[in-house]
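First to last, the protein sequences are chains A and B. Every letter in the first sequence is one number past the one before it in this note's numbering, and letter 108, counting from 1, is 108. Every letter in the second sequence is one number past the one before it in this note's numbering, and letter 107, counting from 1, is 107.
Where hints are given, some of them may not hold.
What the hints assert, rightly or not - Partial list, derived from the structure: chain B residues whose beta carbon lies under 10 angstroms from chain A:
#  : residue
1  : Ser9
2  : Gln38
3  : Asn41
4  : Leu46
5  : Lys49
6  : Phe63
7  : Leu104
8  : Thr105
9  : Phe106
10 : Gly107
11 : Gly109
12 : Ser113
Calculated from the structure, these hints are not laboratory results. Owing to the predicted nature of the structure, the values given are computational and were not obtained by experimental measurement. Beta carbons: idealized from backbone N, C-alpha and C, even for Gly.
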Amino acid sequence: EAGVAQSPRYKIIEKRQSVAFWCNPISGHATLYWYQQILGQGPKLLIQFQNNGVVDDSQLPKDRFSAERLKGVDSTLKIQPAKLEDSAVYLCASSFSHYEQYFGPGTRLTVT
Amino acid sequence: AQSVTQLGSHVSVSEGALVLLRCNYSSSVPPYLFWYVQYPNQGLQLLLKYTSAATLVKGINGFEAEFKKSETSFHLTKPSAHMSDAAEYFCAVSDLYTGANSKLTFGKGITLSVRP
Numbered sequence: 001e002a003g004v005a006q007s008p009r010y011k012i013i014e015k016r017q018s019v020a021f022w023c024n025p026i027s028g029h030a031t032l033y034w035y036q037q038i039l040g041q042g043p044k045l046l047i048q049f050q051n052n053g054v055v056d057d058s059q060l061p062k063d064r065f066s067a068e069r070l071k072g073v074d075s076t077l078k079i080q081p082a083k084l085e086d087s088a089v090y091l092c093a094s095s096f097s098h099y100e101q102y103f104g105p106g107t108r109l110t111v112t
Numbered sequence: 001a002q003s004v005t006q007l008g009s010h011v012s013v014s015e016g017a018l019v020l021l022r023c024n025y026s027s028s029v030p031p032y033l034f035w036y037v038q039y040p041n042q043g044l045q046l047l048l049k050y051t052s053a054a055t056l057v058k059g060i061n062g063f064e065a066e067f068k069k070s071e072t073s074f075h076l077t078k079p080s081a082h083m084s085d086a087a088e089y090f091c092a093v094s095d096l097y098t099g100a101n102s103k104l105t106f107g108k109g110i111t112l113s114v115r116p
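In isolation and in its complexed conformation, chain A is listed as follows:
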């Protein structure tokens, strides 16, 4: 089966610009997650969707980050405006059951 797809793979922007990331989960996976992985740290959950509803967004900086999951399938994560500390890898994951999350390759964001 096809894995979790993410695009773009790499993005370089200047601070105060906006950026958007796209994720296509594995077909049939109702749960979708966005994680932020800063260099030298483990992934940190930003937001979790169940179908197109938000389950947990407690660690999402809502003043600058937003995410949506249209029709319970694809999802986009947006940052506006970006700060230097947003430089990280943004990972998308999806799951169906059995406690296993499948991760995409990630988008590496560099804010200059």
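With chain A's structure known, arrange chain B on it following the hints.
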């Protein structure tokens, strides 16, 4: 609240030597525990998981881990390291009561190097 501690940031072993990567967890409820591996410029891949069944869990690529409640540990081992095992390894915890799609809390990761 749940947390994971992975002491040290880097482990180096010789090819063919034992691999031991340590993970300790803190959880107020019975935990589910996971080990993930991340190769350069790739996403995370599940190595193995403990979900309250057998305490000794076998995973892919010859890795295994043992859940020890008394020590709040879930250390990852492999009897004989291979060059292809060089990667970053993350331990993660979620909780039993939240369900199959609960969020993961990750440790900071350990980089494994394998010397020829």
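Taking the hints in turn, this is what the structure says about them:
no. : hint   : in the structure
1   : Ser9   : holds (7 angstroms)
2   : Gln38  : holds (8 angstroms)
3   : Asn41  : holds (7 angstroms)
4   : Leu46  : holds (6 angstroms)
5   : Lys49  : holds (6 angstroms)
6   : Phe63  : violated (16 angstroms)
7   : Leu104 : holds (7 angstroms)
8   : Thr105 : holds (8 angstroms)
9   : Phe106 : holds (3 angstroms)
10  : Gly107 : holds (5 angstroms)
11  : Gly109 : holds (5 angstroms)
12  : Ser113 : violated (16 angstroms)
Checked against the numbered hints listed earlier, the structure breaks hints 6 and 12; every other hint is satisfied.
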